[in-house]
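As given, the protein sequences belong to chains A and B, one line each in that order. Per the numbering used here, residue 892 is the first one in the first sequence, and the count goes up by one each step. Per the numbering used here, residue 5 is the first one in the second sequence, and the count goes up by one each step.
Since the hints were made in silico from the structure, they are not lab data. The C-beta atom is built at its ideal place from N, Cα and C for all residues, glycine as well. Wrong hints could be hidden among the right ones.
Example chain B residues on the side facing chain A (calculated, C-beta under 7 Å, incomplete) [said to hold, decoys possible]: (1) D10; (2) L73; (3) G163.
The calculated label-pair distances, taken between Cβ atoms and stated as ranges, are [to be verified]: (4) M61/B with R985/A: 31 to 39 Å; (5) R1028/A with G45/B: 54 to 62 Å; (6) V1333/A with A118/B: 55 to 63 Å; (7) P1006/A with A133/B: 40 to 48 Å; (8) G160/B with S964/A: 55 to 63 Å; (9) V1333/A with S22/B: 54 to 62 Å.
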Amino acid sequence: MIGPLGLPEHRMLRWAKAWRSQGTAGWRVSDALHRGVLGGLGLVVAGLVLHQPLLFLIGAPLLISAALGISVSGDPAVVVRRRTRLGEAGEAGRLAVTVDPGRGTELVALRMPVPGKGIGPVHLLPATATTVLARVRYDAWGEGLELRPDHLMAGPDGLVVYGPVVGAEARRLVLPPVSAAQPGPLPPRAAGLVGVHRSPRAGDGSEHRDIRPFQPGDRLRRVDWRVSLRAAAAAGGQLVPGTLHVRERHAEADADLVLVLDTRVDVGADLHTWADHEPGVVRAGGSLDTGVRAVTALAAGFLRQGDRVGLVDLGNPRLGVPPGSGRRQLERIRHQLVVCGRLAGWTTRPVLRPAQAPPGALVVVLSTFLDDAAVDVTVHTARRGNPVIAVDLLPRPLLPQRDTPWGEVVLRVLRAEQRVRRAALLGTGIPALTWNESAVSVMLRRLRRRRVAR
Amino acid sequence: MTTRPDVLEIGRGLPSWSLRVLVAATGAGVVGVLAATGLHGPVLWLIGLAAAATVGMPSSPAPMLVLLLTAMSVVATGTGVLGPMLVLVPLLHLMHVSCALAGLVPPGARVHLAALRVPALRFVGVQAAVFALAGLMALVPGGTTLPVLEFAALLGVAGIALLVAWLVHRPQ
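Start from the sequences, fold in the hints, and give me the full structure.
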């Protein structure tokens, strides 16, 4: 046999390795059993030989415990019960594992979750419990390790042990919560046929658009007889060509909303914590967490209204969801947000291609705008003709780093840069908002009033 | 909450350091009893140090050291069966059991009282048997023991040793 260094392994070495691995696999004696046997036996013999009854009495319980504690056998196992892999943020549930302790096992040290503490601590339990239940609560969204039942079985008094065995990992996907954001009036699609938004085109909607002279092809039921008779009276009392008028209505169309999330940065309110960010983990209450909750709220609101909503990840263009409608689209976006959160990371060049934002679609860019690249992408999208709203996700109020004299200065520079970037957005006609659940709908109503006034 | 004995819902439990507190209490008890029976000087300090090490490392040779040093002290002081030193019998046994249990769980673990029920009952049972034997020893008249009887006792101990060795090394 060839060893790790590429040299033939000696027979004695192989035997020693096998002997050692045999000592750690399956049931093995603990140091407590050695103490009980050697100490107990030694004290009993010493008590007899030296005629010291107290030594005998001290040694006897140790020896009796050792004799009682070594009758264990079997192959213990811990199995996770079948469960759903999908959860909703804020939900509570129960996890169950089945314990097969083997014969003679008395204690089970089992890692089980407790609410709010990840995979949880190890619990020392009696081996009589073959089903162990644990309550869990899903406070944070994302994909994470939910259960890893590491275990160690022990015989009476822990004198003989089996393990520790690392349990099989069970993961759970917790979807971001859906809060109710007010939807607002979106600019309708030029090619849209049905929907809830008033189109500037004439059509079959319910809102009045204009009254105009009858033309060939107009339906008779659209004729406005009051206006037509007045026109006929003015023309001498005869319904001659040119006196017949029809009522025109606005068409109703659907609309596209593209939610663009900047996943490249995830920062909290305290500048001290900005550097220690673990990749793949979304900071609770941070900018990315706020962004994901905002995207879910907006998507839910507008999809409920019947609009088409899409998602773009500025940091990773492959992870977007093309615009679509319906409840399934909301689930698709929520699943994809979890993936976006897991793969979030810094890229110097955010990407928002024209194909990702259809012509006429309202684009809402959610970013911290901590770098110029995010502003550039937003401005370029507006220049392509899409109506754009920028939502600033930077937490407020920001707290300076306390352990350096430059903390306050850094914060001041950061705020100044932020003001300049927001001013640049406003200068190109892009409204820049701070996120709250009604901010976008208020801004949409204001934009619509401006469009109507024009 | 379920009432089935084979179904256990994880509760809060006790912190794992409560077992270490028990180890510390028994160690302090051993040192206290030895001090009360007139043991002073470096041996008592050494036992105290070993007891302190037992609290930090219950799965180390420290508990064995406490056991051996205490046994040597008992031989040195040479007290009878029904003296105050008899308290050492449950104290050292409790230290042995609590060290064994404390060594099973990592720091930060939770200990559920239901898990300690059977070990506690066994402890009480073993101690009851040992104290019954102590009572019997106190009743039996002292004096010279016949060599045959001593030889039989040693043979009995050797038999117990062989039995334990067989139980430990038999195929599971």
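Now for the hints, and whether the structure bears them out:
no. : hint                            : verdict
1   : D10                             : 5 Å, holds
2   : L73                             : 12 Å, violated
3   : G163                            : 11 Å, violated
4   : M61/B with R985/A: 31 to 39 Å   : 37 Å, holds
5   : R1028/A with G45/B: 54 to 62 Å  : 57 Å, holds
6   : V1333/A with A118/B: 55 to 63 Å : 58 Å, holds
7   : P1006/A with A133/B: 40 to 48 Å : 44 Å, holds
8   : G160/B with S964/A: 55 to 63 Å  : 28 Å, violated
9   : V1333/A with S22/B: 54 to 62 Å  : 57 Å, holds
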